[in-house]
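Enquirer: Chain by chain, the residues:
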Amino acid sequence: MHITEGILPPQWVFTWFAVSTPFVGVGIYQVKRKKKTVPGYLPLAGMLGAAVFVFSCFPIPVIALNGMATSHPCGTGMSAVLLGPFVSVFIAAIALLIQALFLAHGGLTTLGGNVFSMGILGSFSGYFAFKTAQRCGLSLFWCGFLAGVISDLFTYFGTSLELGLLVIHKGGSFFRAVAEIFGMFMMTSQGVLCIVEGIVVGFVLVFIYKRRPGILLSLGIIKDDTKPIQI
Amino acid sequence: MGFLHHTFSEVYARRNNWLTRVDIRVKLLYIISLLSINVLAKNISVPLFFLFTSFVLILSIKVPFPVMIRNLLLPMSLAIFILLMKGLHEGERVWMSFSFIGYKVALKEEGLWSGIHICSKVLGGVSLVMLLSFTTTIRQLCTGLKWFRIPNTVIELLSFMYRYIFLFLDEVATIWIAQKSRLGHASWKKMIQSFGILGGMLIIRAFERSERTCEAMQVRGYKGDGILMLNLSPWRKREYFFTTGILLLVPLLVYAGTIPVW
Numbered sequence: 001m002h003i004t005e006g007i008l009p010p011q012w013v014f015t016w017f018a019v020s021t022p023f024v025g026v027g028i029y030q031v032k033r034k035k036k037t038v039p040g041y042l043p044l045a046g047m048l049g050a051a052v053f054v055f056s057c058f059p060i061p062v063i064a065l066n067g068m069a070t071s072h073p074c075g076t077g078m079s080a081v082l083l084g085p086f087v088s089v090f091i092a093a094i095a096l097l098i099q100a101l102f103l104a105h106g107g108l109t110t111l112g113g114n115v116f117s118m119g120i121l122g123s124f125s126g127y128f129a130f131k132t133a134q135r136c137g138l139s140l141f142w143c144g145f146l147a148g149v150i151s152d153l154f155t156y157f158g159t160s161l162e163l164g165l166l167v168i169h170k171g172g173s174f175f176r177a178v179a180e181i182f183g184m185f186m187m188t189s190q191g192v193l194c195i196v197e198g199i200v201v202g203f204v205l206v207f208i209y210k211r212r213p214g215i216l217l218s219l220g221i222i223k224d225d226t227k228p229i230q231i
Numbered sequence: 001m002g003f004l005h006h007t008f009s010e011v012y013a014r015r016n017n018w019l020t021r022v023d024i025r026v027k028l029l030y031i032i033s034l035l036s037i038n039v040l041a042k043n044i045s046v047p048l049f050f051l052f053t054s055f056v057l058i059l060s061i062k063v064p065f066p067v068m069i070r071n072l073l074l075p076m077s078l079a080i081f082i083l084l085m086k087g088l089h090e091g092e093r094v095w096m097s098f099s100f101i102g103y104k105v106a107l108k109e110e111g112l113w114s115g116i117h118i119c120s121k122v123l124g125g126v127s128l129v130m131l132l133s134f135t136t137t138i139r140q141l142c143t144g145l146k147w148f149r150i151p152n153t154v155i156e157l158l159s160f161m162y163r164y165i166f167l168f169l170d171e172v173a174t175i176w177i178a179q180k181s182r183l184g185h186a187s188w189k190k191m192i193q194s195f196g197i198l199g200g201m202l203i204i205r206a207f208e209r210s211e212r213t214c215e216a217m218q219v220r221g222y223k224g225d226g227i228l229m230l231n232l233s234p235w236r237k238r239e240y241f242f243t244t245g246i247l248l249l250v251p252l253l254v255y256a257g258t259i260p261v262w
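Residue numbers (my numbering), protein chains in the order written: chain A, 1 to 231; chain B, 1 to 262.
Same shape as in the complex, but just chain A (with noise of 0.2 Å):
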């Protein structure tokens, strides 16, 4: 879900940029704010955001093509549920630095587009689902299949969008290139595995949920450890 260095056009580099950095700039001004406030928060961020980067880098085999091929999961539905959808932003623009240097996903020049797709889409779209799931009464498990799954889809909406743009001044048909480029991300490896990462996000919070729900208190993901939740 990547757009690599070089694919924007100027015009739409700094549009990206400054759609971003809005965003950016409130989760670097709650991680700075908390802090301060607590002093634990910055290893904790820190910390959380290396697991959910590494938990991004997993290697999960697409079904399409018997295993032959592996794609790996956003991850930011899972950062926006644990930490909110503005750190979670935040997060995502550094975990997206390190990929663009060093492993050539992504890019300098595109990295206000990925982070208006993969870090504001995936992140607000999967905290706002997990919400709403919560508020709906949903059990653990399905609150984070919503998040995972919604936060993906929105992702690849996201990308499709970017990339739908370049053909609009060109006299190419805009909404037939997104949902052309969106149809294409679904059918191959990525409308799998969106459904995938919700199942794993949702076992990630039931297996944090059995083994220690305090994690899941003080991170206010949960209200009170004393009742138990439905998983």
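No lab work stands behind these hints, which were simulated from the structure alone.
Keep in mind that this is a model prediction, so the values were computed, not measured.
Built from N, CA and C at the ideal position, the CB exists for glycine as well.
Just so you know, not all the hints are guaranteed correct.
Across the chosen pairs, the derived CB separations fall in these ranges [as the list claims (entries may be wrong)]:
#1 Ile192/B to Arg211/A: 15 to 21 Å
#2 Leu183/B to Arg176/A: 14 to 20 Å
#3 Pro10/A to Lys62/B: 34 to 40 Å
#4 Gly137/A to Ile192/B: 21 to 27 Å
Starting from the known structure of chain A, arrange chain B on it as the hints suggest.
Expert: The following block gives chain B in isolation, referenced to the frame of chain A:
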């Protein structure tokens, strides 16, 4: 995931050679300027010049050629995808058309040329980023970012995340092997369950480690303020020489990028 450990271990950036000895501020100035020129370039000559120069420089510090090609594979696959999308949607003059599962596919000339232009920019841009990553450690990068007035919180979190990626990769590898050897990956369903347990364990260990690290930091006097200890050395003649070089090079390359030649 073994290759990730190798990738993040800065194996090439930690070597002592003429490119790793160049000051990080100069390197960042060069890479930012050249990436901007690459994005603005209206022909394929300038991006291909960047590709060629970067490859020569990277090869001069003895980075194996297959490593460079492996790094280029993923960006190139996306660039080819864009080439096809542009060929399908941009322009009017049909270059080639055929039928594919009942869907008429027509590749247009203007779109394909524009796609080739993008492919050259991808190659140029990725090679420049590779040049930076093969010659710069994360610590040097943090020092450079501090000089460019990037907020301390960003640099602190970047260094924290990077430091612990190694540890978590090791822990994941250990659990992964244990799960595999106990038939945790025997079926697809079991594999997904194992991924869930692995992810959950990763988060639990990250949380526990953050508590221990915080205690260790507090013992050393940490109260939630800055943790950075990065020293910037004063500029020497060499840095002034390189900076003058980029100041002279930028207008030349900007002009070269606007010339309508292939």
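Enquirer: List, from low to high, the hint numbers that the structure doesn't satisfy.
Expert: As far as the earlier hints go, only 2 is violated by this structure.
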